[in-house]
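**Q** Spelled out from the first residue to the last, the chains are:
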Amino acid sequence: MRTLQRTLVRDAVAIAAAMVAVGGSFGAISVGYGLPVWVPFAMSTLVFAGGAQFLAVGLLAAGNPIAAVLAGLLLNARHLPFGLAVAGALGPRRRDRIIGSHLMTDEVVAFTLAEPDPAARRRTYWLIGLTLFTSWNLGTALGVLLGGATGDPDTFGLDAAFPAGVIALILPSLRDRPTRLVALTGAAAAVLLTPVLPAGLPVLCGLVGLLTLLRARRPSATAEPPGTAPQKIKETEGSC
Amino acid sequence: MLIASIIALAVGTYAMRLGGVVLRERLELADSVQRLLPMAAVALLAALAGTATLMAGAGFAGLARPAGVLVGALLAGRRLPFVAVVVAAAATTALLRLAGVR
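Note that the protein sequences, when read in sequence, are chains A and B. Residues 0 to 239 in numbering that gives the first Met the number 0 are what the first sequence lists, from first letter to last. Residues 0 to 101 in numbering that gives the first Met the number 0 are what the second sequence lists, from first letter to last.
Chain A with its partners taken away, still in its complex shape:
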């Protein structure tokens, strides 16, 4: 248990370092666009969703506020299914849900789902969530203060760090065959649709991966295939 905790803290530190760098680039880009200094701060505290923030400042700077809101909301719509999946990890009290919901990001969801022990899930959610919120806002502030001096995070390969980290976190669930089929189909659909759909929509289309279950389930409609369902259900229930 102790080692588990230490691993989690180490992972949190690694992800915080990356967040400071990417948050720095967000702050620098925002002021570089000529937007007021309070804009990146307001976004990083109130919106707290990296992808949507980058998308929105670009559109705001281009004088297109309506598009900024709509594109940002479309990109963030995935948080609704995320919330459905991790709700049990936030905590039993009303306050936990109200504050915890704001901390929900891709990384937090990935870390939480990767934690098999329902009791440890809550700690994972909050530790990663608070670490990301702090480091993202710290990075934003540094980016605003230092401007372009923070450098382009792509130079350090940080654009590869995010997908690699997500893959590492979802890999254990991909050992389950139906889940793997769902995930790979979803990823393929999202990638193929990216050139033709507006930003935000392709990722949501990843949900079409769930359709692979229809075909898989039909032969065993009366009895779930053994070994796949029970553990998953137990996890979700136990965390409520």
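To give a feel for the contact side, a few chain B residues facing chain A, derived at Cβ under 7 angstroms:
#1 M0
#2 V41
#3 G49
#4 T52
#5 G67
#6 A72
Computed footprint of chain A on chain B, listed as stretches where at least three residues anywhere in the stretch have a Cβ under 8 angstroms from a Cβ of chain A:
#7 13-25
#8 86-93
None of these hints come from the bench; they were simulated from the model. Because the structure is a prediction, the values reported are computed rather than measured. For each residue, glycine too, the CB sits at the ideal point set by N, CA and C.
Use these hints to put chain B onto chain A, whose structure you have.
**A** The following block gives chain B in isolation, referenced to the frame of chain A:
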């Protein structure tokens, strides 16, 4: 207008975050549906990882980034720690770019 759009984005995003959490507690979901929830989240994360690996805007991201992610994924497959995966992915991409690979 600027402040209004940021607030609209913030409120809408928060509503979706809280909405999922609250719905999960209010709805009586059948076991078969409950089983789908983590799968849906994994599908979305896989879609994010896929697009973030291969795409930049509407086009292909180039070679350096997918190569770095591939190295990270291979290490993750060999159950190396999260930190090692992330650092190896970033370092591979950074070195390839240093060497002039796009």
